[in-house]
Each structure stands twice: as C-alpha cells, then as structure tokens.
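Trainee: Each chain, letter by letter, is given below.
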Amino acid sequence: MTETVNVSGSLRRRLTLTLIGGAAVLAVVLFAVVRLYAAQIAQQGQDSILSASVTSMLDAAVLRDGAVVVDFPYAALSMLSTTSDDRVFYAILQDQTLLSGYKHLSPPNGSFPTTGTFMAETPDGALIRVASDSRTLVGADTRTVITVFVAQTQEALQVTLNDISRRVALFGAGFFCLSALLSFWASASTITPIRRLTSSIARRGPQDLSPVASPVPSEMVSLVESLNRLMGRLDKALSQSEEFIAEAAHRVRTPLATVRSHAEAMLHRVDRDENRKALRAMVRAIDESSRAAGQLLDHAMITFRTDHLEREELNLTDLLQELVQRLTPVAEMKDISLLVENTEPVLVSADAILLQNAIRNLIDNALKYSPMESEITIRVSASPTPTIEIWDQGAGFPPDQIANLSSRFSRGDNAKGIIGSGLGLAIAQDVAEAHGGALKLSNLPGGGACVTFSL
Amino acid sequence: MRYILVVIGLLWPMLINAQAWEDQQLFKGENPVQTLRVLSSTDTGFFSPIIQSFLAANPDWNVEYLVTGTADISAILQQSPQSYDVVISSAMDLQVKLVNDGFALKLPSISHPDWAQWRQSLFAFTSEPATIVVNRSAFRGKSIPANRQELIRALREAPEVFDGKLGTYDVRSSGVGYLFATQDARASETFWRLMEVMGGLKLRLYCCSGDMIDHVASGELLVAYNVLGSYAAARQLQDDRFEIILPSDFPTTMMRTGFVSKETKHPVAAERFVRHLVDGRYFATGLNTSSLPQLGLYPEGRNPTVIPLEPALMTYLDKLKRRTFIQEWSNAVIQ
Ligand SMILES: Nc1ncnc2c1ncn2[C@@H]1O[C@H](COP(=O)(O)OP(=O)(O)O)[C@@H](O)[C@H]1O
Ligand SMILES: [Mg+2]
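First to last, the sequence lines map onto chains A and B. Taking our numbering, the leading residue of the first sequence gets 94, the next gets one more, and so forth. Taking our numbering, the leading residue of the second sequence gets 753, the next gets one more, and so forth.
Hints are computed from structural coordinates only; laboratory data are not their basis. You may find that some hints are simply not true.
Dumping the calculated EDC-like pairs for lysine to aspartate or glutamate here, alpha-carbon to alpha-carbon at most 16 Å [unchecked claim]:
#1 A:Lys196 to B:Asp853
#2 A:Lys461 to A:Glu425
#3 B:Lys954 to B:Glu912
#4 B:Lys849 to A:Asp217
#5 B:Lys858 to A:Glu248
#6 B:Lys858 to A:Asp217
#7 B:Lys1071 to A:Asp164
#8 A:Lys196 to A:Asp164
#9 B:Lys1014 to A:Asp217
#10 B:Lys954 to B:Asp915
#11 A:Lys533 to A:Asp506
Facing chain A, according to a computed beta carbon distance under 8 Å, are these residues of chain B, among others [claimed, not checked]:
#12 Asn852
#13 Arg871
#14 Ala1064
#15 Lys1073
#16 Thr1076
Restraint-style ranges between C-beta atoms, simulated for each label pair [as the list claims (entries may be wrong)]:
#17 A:Ala266 to B:Gln771: 57 to 65 Å
#18 A:Ala145 to B:Gly952: 38 to 46 Å
#19 A:Asn255 to B:Gly952: 52 to 60 Å
The beta-carbon is built from N, C-alpha and C at its ideal position, and this holds for glycine as well.
For reference, chain A alone in the conformation it holds in the complex (with noise of 0.2 Å):
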C-alpha cells in the first residue's frame, strides 16, 4: 500500500534559496547605500576645501586707492593639490565682470549662482566642481561685490570613490558568501525537527499508533496534533473492526450451530422421505451458509491482519501436524488418509492465524475434491523458502481455469455440487503474499491437484 506522495517543491531548498535571495539584496543594498554615501562624503570634503579656497581668496580682496587688490595667499590653490594633480580653476569677478583668471567660469549671462556649490563643465569637456562666494567690498565713497570662483576636476574623487566602490563590492560579496552559507546551515537546522518526526514515525512497528511523545518546535504542534488525532482514530478504528468481525463469526456462527443441530434432531425423528429430504437440503443450506458466513469472515479477518501482520516464530511442522490432526475425523468420512511426509522442524516468523487458515482452506480443498479411499500427502520443507506442497489423487484442477481459480469468488466447473464459496484459494493466496510467498497451482502428471504455499 505505498502510494507515491505527490512532491511539489523542498521546503529546505526553498528556505536557503529565500534566505540567499535576501542576502543577495541585502549585499547589493549595502552596496549601493555605502557607495552613496562615500560619494556624499567625499563630495562634502572636495566642497569644504573649495570653500575654504573661496574664502581665503575672498578675505585677501581689499579696496585700495578705489582699486581692488587680491593678493590672495598661495595656500588658497595649494590647498587644492590632489594626488590625481586634479586641474584648478579660479575667477576672480568685480561686479559681475572678470578681474583675473578663467573665463568660463563667469559665463556672460552670469548663470552660476554666487554662493554654494555646483557642477559645471570646462570648455574642454572637463567635469568640474565649482564653489562660490561673494562679498560687498566698501570703500570711501564705492562699494563693489566681489565673487570668487574656485573649480577643480573630479579625478582625485573619483579615484577615491572606485577604491571605495571596490572595496565595498568585496566586502558586499564577503558579507553575501557568509550569509549563503548561514543560509544552508539555517535551513537545514530548522528541517531538523521535521526529518526527526518523519524518522521517528518511520521506524515504528505497524501495531505502533501510540501518539507522537518527543517535543517538537510550535510551529510544528498543529500537524502533530492532526497526526495524532489520525493515528487515534486509527487505532481505534481498527480494534473495532477487529472486535467487530470476531463479534459477527460469532453472531453468525451460533445461530447457525443451533439451527443445524436442531435440523439434525428433526431429520431423526421424521420417517416420511420428502420430509427427511428437504430437512437434508435445509442441514446443506445451512452448512453452506455457515460455511460461506465462516469463510466471508476469516476472509475479511484476513484482509485486515495482512495489513499489520503479527510475526512470532513458530514451527511449521508443528502447526501442520495439529491441523491435520484435526481435520482426520473429517478426511476418515471419506476414507482419506492424510500423510505428511516430513517431520523435521521448519522454522518461521509468521502469523499463526493467518497460516491456520490459509493451509485449513488448502487442505479443505483436498479433502472436497479427492474421491473417497484416496491419500492426501502434505510435504513441508525449509528451503529454499518455506514451503508447503499438498496433493491429492483427484481430478486436478481444470486446466483453462487454473489462472483464475485464485480470484476471489471463482469457482471451477469440478466444483458442481460441492459446497464452497469461492474464497479458500483467495485466503490462501493473500496470506502468502503478505508474508512475502506465493501460492502456485498445478497438475501433477498421474493426475491431482498440487498446490504449493511458500512463504
């Protein structure tokens, strides 16, 4: 009864996958954050030094005689060196009109704003960094604006903001590596617990529906609830369907008993022949009856315990020897003798039961269809399996049959006028098969039935 379970997806690949996933973001993130930032900064101190380049050309500005001097300090371009030898660029404006240096930093229209930063171009494509400050000279009798331009190129910055940018990457694919490899130990602990449950449930025995007792993490108490809630009322289904079998033979059986015996006394005491030979029909149908009820019921009873058999170990001889035991009173009705050829012990794990049944059925058959003063032989041998081997000195199995006779229900044409049901061989088949045998079916070549149970 295995039935492949439908699989979509692995709760554990998904796991390492959603947390690598976010890893992954997490690093380019990190990336593009601290790279932003680094960029930010390294603005903010190319900006400072600009600024304090302006200033210092602004503070050396004064009026002298009506005339503006800047005798600005050699600091102010110094201060601008960079280990790129970014280039550097100053304007120096009076009123909006260029004293000394750069043209293009006081384009015509006077479009640069007068204080702050900014970006610009140099008229040879250059990326520039501008800042800006102006300032009201005052004079005796004149107050002029001085604006100061200072710009420098970008190369420095940008060299620093690769170093950056590369060693950020490296760390962002540090941090990414640890993460994956946090990630595959992450999710193979959290599927721990569930493997745990599923080997703990796979290692019990097939009569184990007790329910789950280690403790399990809470996300996983709902499904153990369900589980156990299940195996509960597995357990319990099956011990009444156990009880309510044996309950039914009984129900069925008794009365059948009691009707019979009562059917025997009165076939006594009537004289008249039609009476004697209905009450014979009526012990025929009863027996029948009986005998389907009986079969019907170890046939369900067999069904079931196939499913979870109860192994012990026991000897095969030994079980045969009772069985045939019992049935000599009905083997001498018809003057058959039963021989079992062998007395060695041969040692099985099976279920009892179940073998009673199965051999009772198959030394029934024997019994019904081998004419009268016949032998039966019953061989029991250990190897290369187990093996039971009965034949009789009937007329055998009908031969365009024999594929079927092991169905259930299925009678053979030779049965006409035998009372059966069709079962015996199907008990016998299926207890074979759940103790990992077979049941085979054959002619011996003088005539009879052979039927061989291998465990």
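With chain A fixed as given, assemble chain B with the ligands onto it according to the hints.
Mentor: Chain B with the ligands only, in chain A's frame:
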C-alpha cells in the same frame, strides 16, 4: 584689390613663420622622413646633445629646435598648438598653467616619480638651482658671501664697489626670473631686503642667464643674483673668473619640464622624445657636453628645495597677483 589678395596669399606663410626666434636650428637625422618641432626656452648649446642622442636612436626623424623666452612660450603655443610637438621650459609655473589649461597630452605609459610629474603630462627632467654668481675680483681678500644675508652685508659695506655692477633677471620679461623671484619672496622677507639693497645700487636687469654670466665673467658685473646654476657651471668649465654660490639660507631649485602638445601631429614620436628626456640615459653617453644637471632622483623622494609641481604655481600668474608683485618689485628695484 585682387592683386593685393594674391600678395597677401603669397606672403601669408612667411607672416606666420615671422616669429622672431632667439635661435632656430634643424637637427637632421640619418634618413629623416618627418620633423618633430620642439618649442623650448633652453639654449640650443645645452640641448643639442640631448637631441643628437635622440636622433641617434630615431634616425628617421628631424628635430627642429625653436628657442624663445620662457614668457613667450605660452603665447606662441596658445596661438598655434598644432604647430609644436614638444614644449620645454624652465618656467614651471607657465608650464603647469599650460597643462592645467589643457594644452598637454597625457602620457600614461611614462613612469616618473610623482613629485617630478604633473597630471602624467608634464615631466621634469632636470633640477637646477638658482645661484648667485660673483666675480672673484670683487671679493679679493674678503670672504665670498655664502647666502643672501652675507651678500646684503657685503653690498652695504662697500656700496661704491658694487654700484651699477649688480644684475638680476627682469622679472617683467623673463618667465624663469619671475618664477625665482616669486618663490624667493614666498620663502623669505630677505629677498625683499636684498632687492631693496640692490635696487639702491643701480641694479641692472637682464633677460637671460647667459648675458649675466658673460657680464660677471668680464667684470662688467660683480654680482648676478638668481642665475641658472646649470648655465653658470657649464660656463665655468672654460672661464673661472667667477664663483658660483648656492645660497645656504634657502636654495631655490627649478625643474626643467617638458610636455607633448595636445594637438601634436606626431604623438608617438613626441612621446618618445619626452621619454628620452625623462629616462636621462643621455647623461651617461659621451655625447652630453651640455652639463644640464640630471634630475636628482632622491630615493626618499623629492629634493626638498625643489619648487613643487602643483597647481599653486599658478598663483603668481594671476593677473592681480602679478600686478601687485611687479608693483612691489619695481618699487624695490627701480629707485
Ligand atoms: N484440490 C483440488 N482439486 C481440484 N480442484 C480444486 C481443488 N482445490 C480447488 N479446486 C478448484 O478451485 C476452485 C476454487 O477453490 P476454492 O477457492 O477453495 O473454492 P471452493 O472450494 O469453495 O469452491 C474450486 O471450485 C475448484 O474448482
Ligand atoms: Mg605630481
């Protein structure tokens, strides 16, 4: 009208070439195919060994060597940047400004110490101190001054001896003179006192180191201040009537620099030429009789007296700063 146009058309090339060079010389290679034009402020005599060793290695080239004053180089290059392949000058400030303004080609494959190059475009290949050159006869029996202070004292002690016999660069016309003067002024107030003292003794102004050295040698001058030590040392090999003083208080050392014009028509050969300058192997060849001093490659880095190659060199090129500085200098020197 048309006739005039034809005349102008015919004369035009001559007009362009009408640049008055201090010197102009074509160095021919063995089997020349093309000509490299080098714009320089260095006297041909000092530079020809370098060119000749270049031509020895590159026989398929001619080198046209065009000499002009440091102050003119910027204007000439800005006027027609495509006409010159390599630009060499001792005026570091002007060179830095030209590079800063985008006239130089980046040569990323030349490896040169950081302090001796700027923007991987401007490469220094000599380091030459500014010196004081004195005529020995003026200090007969006296100790020769070793620094500016001692020179001031000597001048003050015997003004009648030195009157009219002092020389220095005219910073208004000489780029390297202006560079030395501004760096001196930046370094110490002593410079201004010296200028005042010299100015009081009818200081004579020169365009070039060569003339000053000549005049000191001949006795026409007794002291010349801020003379290129390299030129003086070369001259001293033949003529030892003068003494070269490396001021011990604060020496100012200039680096001769070169770059490849951004609009050069021969970028590969021009780069090869600059590489040739920079690797300095010509110093080892017997060809070098010019004694241009090799760039002192100090293992621990830059020679501390060398003027750093940095954008701040443009400070004194600022119109307002220059006006102020020349004003002050004139006040001191011209009395
Ligand atoms: N020993 C036998 N000899 C001949 N035929 C047999 C023998 N055993 C079984 N059969 C045939 O197989 C059929 C199925 O047997 P079984 O399942 O035991 O049912 P039943 O015996 O109740 O008819 C029988 O009806 C009969 O035709
Ligand atoms: Mg540098």
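Trainee: Hints first: check each against the structure and report whether it holds.
Mentor: Evaluated hints:
{"no.": "1", "hint": "A:Lys196 to B:Asp853", "in the structure": "12 Å, holds"}
{"no.": "2", "hint": "A:Lys461 to A:Glu425", "in the structure": "12 Å, holds"}
{"no.": "3", "hint": "B:Lys954 to B:Glu912", "in the structure": "11 Å, holds"}
{"no.": "4", "hint": "B:Lys849 to A:Asp217", "in the structure": "15 Å, holds"}
{"no.": "5", "hint": "B:Lys858 to A:Glu248", "in the structure": "14 Å, holds"}
{"no.": "6", "hint": "B:Lys858 to A:Asp217", "in the structure": "14 Å, holds"}
{"no.": "7", "hint": "B:Lys1071 to A:Asp164", "in the structure": "10 Å, holds"}
{"no.": "8", "hint": "A:Lys196 to A:Asp164", "in the structure": "19 Å, violated"}
{"no.": "9", "hint": "B:Lys1014 to A:Asp217", "in the structure": "12 Å, holds"}
{"no.": "10", "hint": "B:Lys954 to B:Asp915", "in the structure": "6 Å, holds"}
{"no.": "11", "hint": "A:Lys533 to A:Asp506", "in the structure": "19 Å, violated"}
{"no.": "12", "hint": "Asn852", "in the structure": "5 Å, holds"}
{"no.": "13", "hint": "Arg871", "in the structure": "4 Å, holds"}
{"no.": "14", "hint": "Ala1064", "in the structure": "4 Å, holds"}
{"no.": "15", "hint": "Lys1073", "in the structure": "6 Å, holds"}
{"no.": "16", "hint": "Thr1076", "in the structure": "5 Å, holds"}
{"no.": "17", "hint": "A:Ala266 to B:Gln771: 57 to 65 Å", "in the structure": "60 Å, holds"}
{"no.": "18", "hint": "A:Ala145 to B:Gly952: 38 to 46 Å", "in the structure": "40 Å, holds"}
{"no.": "19", "hint": "A:Asn255 to B:Gly952: 52 to 60 Å", "in the structure": "58 Å, holds"}
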